[in-house]
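Student: Here's the letter readout for the chains.
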Amino acid sequence: MIKYLITVVLFVASMHVTFSQKLIVSGIVRDEANGELLVGATVKDSLSQTGVQTNSYGFFSLEVPSDEYTLKVSFVGYAPVYIKDFAQRKFPLEIRLRQSNLLQEVTVKENKTIDAPIGSLSIPMNKLKLMPALLGEVDVLKALSLTPGVSTGTEGSAGLYIRGGTPDQNLILLDEAPVYNVTHLGGFFSVFNPGSLKSVDLYKGAYPARYGGRLASVIDLTMKDGNNQKFGGEVGIGILNQNLTLEGPVIKNKASFIVSGRVSTLGLSSLLQPKKSSGYGETRKYRFYDLNAKLNYQINQTDQIYLSLYNGFDRFTYGEWSARDGRETETAVGNNWGNTTATLRYSKVFSQKLFARFAVLYSQYTSELTNNFEDLKPNTEPVRLYRNTNAGVTDLGSKIQFDYFLTNRTNLKFGMDVTRHSFSPFVTKSNYNGSPVNAKKERLPATQMDLYVDAFIALAPALRFNPGLRYSIYHVNNRTFSNPEPRLGLNWSLPANWTIKGGYTMMNQYVHLLTNNGFGFGYDAWLPSTAKVAPSRSSQLSIGLYKTFPQPGLELSLEGYAKRMKNLIDYPDGTNFTGMLAGSWDDIVIKNGIGRVKGIELMLSRKTGRFNGWISYSLSKSERRFPEINDAAWYPMKYDRRHQFAATANYDIGKKWKLSASFVYQTGHAVTLPEAAFITDNSNGPRFIYDKRNNGRMPAFHRLDVGATKSLVTPRKRNAELRLGLYNAYNRNNPLYLDMKTERNQDFAPTEITVKQVSFFPILPYVGYTLKF
Amino acid sequence: MKFIYFLLLLFLTGCKETDLNLDIPYSGDKLVLWGKLKAGSPIRIQVTKTFNPVGVIPKDVSVADAKVQLLMNGENYIELSPSAGEKGVYVSDHVIQPGATYIVKASAPTFPPAESAPVLVPLDLPDVSVVRTRNVPGEINHQSPQDLLSLYFTGQQSEVEKHFTLTFLAYYEKDTISANPYGSTDNIPAKEEDCHTWASEKISSYYSEVAGITFDRLASVFLMKSKCLPDPKTPIKFYIEIGKGPSYNPQWAHKVTMRIEVVTKEAFDYAKIEYDQPEGVDHLVLPPQRALTNIKNGYGLIFASNEKTIEIP
Numbered sequence: 001m002i003k004y005l006i007t008v009v010l011f012v013a014s015m016h017v018t019f020s021q022k023l024i025v026s027g028i029v030r031d032e033a034n035g036e037l038l039v040g041a042t043v044k045d046s047l048s049q050t051g052v053q054t055n056s057y058g059f060f061s062l063e064v065p066s067d068e069y070t071l072k073v074s075f076v077g078y079a080p081v082y083i084k085d086f087a088q089r090k091f092p093l094e095i096r097l098r099q100s101n102l103l104q105e106v107t108v109k110e111n112k113t114i115d116a117p118i119g120s121l122s123i124p125m126n127k128l129k130l131m132p133a134l135l136g137e138v139d140v141l142k143a144l145s146l147t148p149g150v151s152t153g154t155e156g157s158a159g160l161y162i163r164g165g166t167p168d169q170n171l172i173l174l175d176e177a178p179v180y181n182v183t184h185l186g187g188f189f190s191v192f193n194p195g196s197l198k199s200v201d202l203y204k205g206a207y208p209a210r211y212g213g214r215l216a217s218v219i220d221l222t223m224k225d226g227n228n229q230k231f232g233g234e235v236g237i238g239i240l241n242q243n244l245t246l247e248g249p250v251i252k253n254k255a256s257f258i259v260s261g262r263v264s265t266l267g268l269s270s271l272l273q274p275k276k277s278s279g280y281g282e283t284r285k286y287r288f289y290d291l292n293a294k295l296n297y298q299i300n301q302t303d304q305i306y307l308s309l310y311n312g313f314d315r316f317t318y319g320e321w322s323a324r325d326g327r328e329t330e331t332a333v334g335n336n337w338g339n340t341t342a343t344l345r346y347s348k349v350f351s352q353k354l355f356a357r358f359a360v361l362y363s364q365y366t367s368e369l370t371n372n373f374e375d376l377k378p379n380t381e382p383v384r385l386y387r388n389t390n391a392g393v394t395d396l397g398s399k400i401q402f403d404y405f406l407t408n409r410t411n412l413k414f415g416m417d418v419t420r421h422s423f424s425p426f427v428t429k430s431n432y433n434g435s436p437v438n439a440k441k442e443r444l445p446a447t448q449m450d451l452y453v454d455a456f457i458a459l460a461p462a463l464r465f466n467p468g469l470r471y472s473i474y475h476v477n478n479r480t481f482s483n484p485e486p487r488l489g490l491n492w493s494l495p496a497n498w499t500i501k502g503g504y505t506m507m508n509q510y511v512h513l514l515t516n517n518g519f520g521f522g523y524d525a526w527l528p529s530t531a532k533v534a535p536s537r538s539s540q541l542s543i544g545l546y547k548t549f550p551q552p553g554l555e556l557s558l559e560g561y562a563k564r565m566k567n568l569i570d571y572p573d574g575t576n577f578t579g580m581l582a583g584s585w586d587d588i589v590i591k592n593g594i595g596r597v598k599g600i601e602l603m604l605s606r607k608t609g610r611f612n613g614w615i616s617y618s619l620s621k622s623e624r625r626f627p628e629i630n631d632a633a634w635y636p637m638k639y640d641r642r643h644q645f646a647a648t649a650n651y652d653i654g655k656k657w658k659l660s661a662s663f664v665y666q667t668g669h670a671v672t673l674p675e676a677a678f679i680t681d682n683s684n685g686p687r688f689i690y691d692k693r694n695n696g697r698m699p700a701f702h703r704l705d706v707g708a709t710k711s712l713v714t715p716r717k718r719n720a721e722l723r724l725g726l727y728n729a730y731n732r733n734n735p736l737y738l739d740m741k742t743e744r745n746q747d748f749a750p751t752e753i754t755v756k757q758v759s760f761f762p763i764l765p766y767v768g769y770t771l772k773f
Numbered sequence: 001m002k003f004i005y006f007l008l009l010l011f012l013t014g015c016k017e018t019d020l021n022l023d024i025p026y027s028g029d030k031l032v033l034w035g036k037l038k039a040g041s042p043i044r045i046q047v048t049k050t051f052n053p054v055g056v057i058p059k060d061v062s063v064a065d066a067k068v069q070l071l072m073n074g075e076n077y078i079e080l081s082p083s084a085g086e087k088g089v090y091v092s093d094h095v096i097q098p099g100a101t102y103i104v105k106a107s108a109p110t111f112p113p114a115e116s117a118p119v120l121v122p123l124d125l126p127d128v129s130v131v132r133t134r135n136v137p138g139e140i141n142h143q144s145p146q147d148l149l150s151l152y153f154t155g156q157q158s159e160v161e162k163h164f165t166l167t168f169l170a171y172y173e174k175d176t177i178s179a180n181p182y183g184s185t186d187n188i189p190a191k192e193e194d195c196h197t198w199a200s201e202k203i204s205s206y207y208s209e210v211a212g213i214t215f216d217r218l219a220s221v222f223l224m225k226s227k228c229l230p231d232p233k234t235p236i237k238f239y240i241e242i243g244k245g246p247s248y249n250p251q252w253a254h255k256v257t258m259r260i261e262v263v264t265k266e267a268f269d270y271a272k273i274e275y276d277q278p279e280g281v282d283h284l285v286l287p288p289q290r291a292l293t294n295i296k297n298g299y300g301l302i303f304a305s306n307e308k309t310i311e312i313p
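Here the protein sequences come in this chain order: Z and E.
The first sequence begins at 1 in this note's numbering and counts up one residue at a time.
The second sequence begins at 1 in this note's numbering and counts up one residue at a time.
Source of the hints: derived by calculation from the structure; they are not laboratory data.
Predicted model only: the values in this text are computed from it and were never measured.
Among these hints, one or two may not hold up.
Over 12 Å on every C-beta distance to chain Z, these chain E residues come out as not near it, computed from the model [claimed, not checked]: (1) E17; (2) D23; (3) Q97; (4) G138.
The list that follows gives simulated cross-link-like pairs (lysine to aspartate or glutamate, DMTMM-like), each with its CA atoms no further than 25 Å apart [stated by the list, open to error]: (5) Z:K692 / E:D127; (6) Z:K276 / Z:D325; (7) E:K233 / E:D127; (8) E:K59 / Z:D325; (9) Z:K756 / E:D276; (10) Z:K429 / E:D231; (11) E:K255 / E:D231; (12) E:K308 / Z:D681.
Virtual Cβ for every residue (Gly too), placed ideally from N, Cα, C.
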């Protein structure tokens with residue numbers, strides 16, 4: 001495969017060198033107001049209408065027959081710019097676009113051009129902020145769950161189940177650094193502060209070859225660069241969180257920064273639980289924060305450097321204290337988790353046709369379960385005992401990618417990623433009796449290297465072909481896994497604004513998530529594939545049909561896919577990894593699982609106008625099979641949902657008010673129900689017999705959220721926004737879980753068993769205020 | 001501050017429990033066998049039947065017309081007789097032999113015949129010495145009078161994994177109740193989760209004049225694996241409650257006993273599943289566990305024990 005690709009590339013390159021006598025124009029496109037790079041802007045020559053798009057660093061390279069042509073540079077929501085006499089200028093051109101007519105902004109720019117691969121989607125952050133949300137906390141991952149093929153688990157949780165995959169099968173990148181745990185507050189919110197983000201791109205179908213390492217999807221989040229023109233910021237006050245963003249130039253037009261922080265109000269709850277000098281009591285403390293920062297410096301027209309940092313942490317502690325006669329005892333159980341990422345990138349325009357970027361990445365995820373006991377007695381030595389179990393992963397890596405714009409019809413992306421992982425699976429430190437005081441950290445190192453090449457070839461003006469190959473090598477514990485991952489994309493534009501797309505992709509996943517529960521608390525461990533647990537693998541075939549209706553501004557997409565997975569893992573019933581030794585996890589998990597998923601996804605979106613939004617529908621089936629579960633028969637994955645429907649709409653009422661609403665309907669997820677019950681002498685009531693996993697269904701889930709945003713101007717002429725809304729507007733009791741309840745008579749004898757559904761979120765109003773300066 | 005109270009109130013009122021009419025297919029009636037084969041004691045096997053997991057619980061789940069047999073060492077059949085006093089209970093005067101292997105078979109009209117897996121009655125008991133430190137401040141709820149028990153497992157550890165249970169009872173003038181043991185912080189929790197669990201066992205029943213109901217009196221049972229024991233010089237430690245009643249005038253236990261059992265692995269595993277089985281909000285994060293049974297074509301558990309009870313000096 002590699003030989004084939006190299007041959008094709010060399011052939012095309014030689015043809016280009018032999019016959020090409022055209023003028024090459026390159027440049028970087030930015031937002032005039034703040035200097036942000038514009039990704040996906042279109043650059044065309046006015047006569048032939050041949051065009052290219054800017055890459056993720058705003059760079060483009062275009063061949064034009066001569067300098068008599070005019071270049072048109074455009075981006076949705078911005079006034080187009082026409083450039084003449086470009087041959088007289090120094091390359092790369094510095095092009096700045098000005099925002100215009102906000103009403104024309106897109107809501108979802110899925111399939112914006114025929115270049116976008118099948119199953120990809122972007123949500124602009126300015127529209128995301130208008131969407132109604134739980135307690136007014138806008139969340140980028142929850143917004144994605146309103147798009148086809150994407151769902152959350154139970155209500156409130158932020159983990160995404162994409163095309164039948166599980167949350168650990170999503171590669172989530174923040175400025176290219178992987179983020180291992182993406183949830184705050186038991187999964188109710190993601191760690192991504194919308195105030196710090198510029199864009200979010202989702203790939204769930206044909207993945208570009210530059211991405212790899214997960215089976216289900218890639219979610220690529222890009223932080224804002226910071227305004228390099230003027231200082232500004234915003235402060236937000238919400239029910240759960242408060243946030244502050246500051247940005248501005250360090251050197252005007254050359255260097256800028258952005259710092260954005262968010263802190264939870266819940267931390268104040270500890271003030272309500274003071275300890276007393278005598279008595280007994282409980283304390284519950286929870287708090288989280290996250291901090292994003294980015295600095296970028298444009299060294300000259302061709303070189304730029306970026307430094308991105310993220311740190312976020314959650315701390316939850318439950319304690320019991322007792323005090324009497326001067327003696328105080330306290331036990332505390334805590335769960336702390338968080339991520340730190342750092343990315344240092346350097347981009348360089350080597351020539352009119354060659355763009356490169358180099359990145360050094362750091363990512364650390366740590367989760368900790370703590371047990372502490374303290375006994376303070378007068379006139380005696382205090383007793384302090386601890387037992388802390390830590391699980392985490394630290395990545396240090398580098399990436400090199402070259403974008404080579406061979407011709408207007410052909411460009412290549414190729415590069416290499418190298419990552420050194422260091423896993424710490426359930427390392428325990430304790431000074432309890434019988435435990436070593438300072439246990440040596442048992443770290444498990446692994447090294448991953450990936451080579452890739454993506455080719456974008458326009459076989460004809462309407463037919464684009466995107467073959468790619470990724471070759472991954474993973475070394476752990478004296479064992480090396482290596483796997484080729486072929487990728488293929490095809491985009492064919494038909495008359496009358498019809499487009500057909502297709503894609504095939506193969507992915508390998510070398511890390512596995514062991515989680516003690518499924519609801520987003522942070523005591524999870526990521527572990528590498530081993531000799532016993534082979535890397536997971538998936539292959540997916542997808543095909544789609546698209547239609548654009550320019551006049552009303554509608555876009556329709558219909559995609560179908562089929563996916564197979566193998567070497568999946570699951571847990572035996574009742575598995576608890578809390579005290580597990582680092583070396584035993586791969587004996588305990590159930591191995592050699594396979595999965596099959598198929599589905600159809602329909603989406604209709606209106607991207608322009610005062611009334612915009614989208615509706616989406618997914619029909620899907622996701623199943624698993626393990627030799628040791630359900631007698632090796634196929635069974636539904638827990639969050640297999642046959643039907644999913646979502647609609648979101650925004651409506652601008654004049655200049656001040658914007659209304660928004662979203663509705664979601666989902667088939668209930670699979671649940672394990674008892675097949676019988678029994679009573680014995682010792683059972684103290686009925687005991688339930690569970691036999692087959694996921695043998696039942698929860699009731700359907702549906703909910704309507706509505707919101708309104710009012711634009712304000714303060715007396716000091718500052719812009720501000722007031723956000724109001726209702727979560728679960730018609731107060732639907734959506735079941736969060738089922739509980740088998742035993743009714744008892746006056747003699748306390750069990751008489752009847754009923755099924756209860758427990759719901760958490762009734763109709764919830766929210767209010768938020770953001771001041772911009 | 002008011003805002004936080006409001007927020008908490010919002011969540012509390014939001015948590016709503018409603019009846020759900022869910023169709024749960026019932027797998028059909030099967031026999032449930034329950035019995036502890038206690039070395040040196042006569043045989044007692046309870047036979048009940050399964051029922052629909054939703055709806056009215058049958059008033060009588062006992063199976064009174066079963067034929068129950070015990071197969072010892074694969075040879076001798078012992079036919080059990082229905083107990084005169086307890087419906088659905090089958091007994092025999094045959095005394096359970098340590099080191100023998102038993103299989104329980106049961107059949108009844110309209111039920112598929114059920115059969116237990118072979119159960120080996122434990123042969124040996126561990127050597128344990130107990131040091132009692134009286135009236136120490138406890139680590140939990142230290143307002144009540146407590147003693148600290150240090151247990152030394154002095155014998156050689158067998159390479160074969162064994163499972164032990166410990167039950168502490170406090171004897172008062174009028175009644176005998178559980179001594180409510182809990183593990184010392186620097187000791188039992190230090191062992192891996194897989195090493196131990198807790199269960200409860202009915203020890204008697206009592207009539208509450210206030211409620212006008214007869215309640216079961218339960219005792220806490222601590223279960224552990226032999227591989228988790230420390231070296232013979234290192235004790236495992238429990239606090240027990242040796243007083244009850246108001247703190248200004250407590251009633252003291254005049255005797256405390258410890259029952260130590262060696263039980264079969266199934267007893268430990270069953271207790272662990274029961275202890276870890278999700279209840280209430282646990283369902284949000286933990287799936288229910290498959291019921292442990294060693295009964296083919298039925299449910300329940302037949303396990304064996306060898307035990308002794310010592311009075312703690």
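Student: Could you check the structure against the hints above and give me the numbers of any it violates, in ascending order?
Tutor: Those not satisfied are hints 1, 2, 4, 5, 8, 11.
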